[in-house]
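Colleague: 887 is the number that the working numbering gives to position 108 of the sequence shown; each next residue is one higher, with no gaps.
Read the hints as simulated data drawn from the structure, not as lab findings.
Fair warning: there could be bad hints in the mix.
Cβ pair distances, simulated, as ranges [to be verified]: (1) W873 x A963: 21 to 29 Å; (2) A824 x L1009: 17 to 25 Å; (3) A801 x R1022: 37 to 45 Å.
The beta carbon of each residue, even a glycine, is placed where N, CA and C say it ideally should be.
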Amino acid sequence: MIARRRLALQAVSLAGLMLLWALAAEAAASDVLPGPVAVWAAFVAQVEQADYFGHLLVTLARVAAAFFLAMAIGSAFGLALGMRSIVDNVFGGWLTLLLNIPALVVIILCYVWFGLTEAAAITAVAVNKIPNVAATLREGARSLSRDLAEMAQVYRLSAMQRLRHVVLPQLVPFFAVAARNGLALVWKIVLVVELLGRPDGVGFQLHVYFQLFDVATILAYTIGFIIVVLAIELLILEPFERRVSRWRR
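Can you build the whole structure from these sequences, using the hints too?
Modeller: This is the structure in structure tokens:
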């Protein structure tokens, strides 16, 4: 019941946003602010072209590669920082430094050092995301319950049992938060990476239609990509986060 009410409120809110958009476009009466109908027409026109889904799939592949790479490295780094004070004392400053380096600087450096290659593009995106994952998992490791750890020691649980029944249930919500925030950040950076140095993908197409001042097509590509990412968020990440957080109730 609560989920249906929430869905209904979100639908009404989005409908209101669409109405405001249409009214603003009507008042502006300019090609630089096309209305929903014009954007939808551009979207349909692009979908009918053979390369639309090709560019979309290329971008999603880069998002997936950078996302999983960042989650794996960032999680390991964050857990090491949070569970070992000596590691945090030595490398905590590195994390602070990486968190404050602008994403654009990292992208440019990767292209300069490694060339305009696929590996450089994915590396640039992953490097921008790794510090955020590490910071989240570090806090998760720091918040591990000492009482539960002592209980596991009293009941003489094996290392695998402690990991499965004590440590992971407490860390999984932090993994979920890092994954959700990571996806939101990674796809945005991927578009910048494609705009600056790749010959395909949604970001490349945005650059092309920017040069043509075709705002309707820019929004058409943007909306198509956002729909896919929101579907991943609503159908995979949110249910996963709710499920793994049940033990806290």
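Colleague: Let me make sure I understand: some of the numbered hints might not hold for this structure. Which ones are they, in numerical order?
Modeller: No numbers; nothing is violated.
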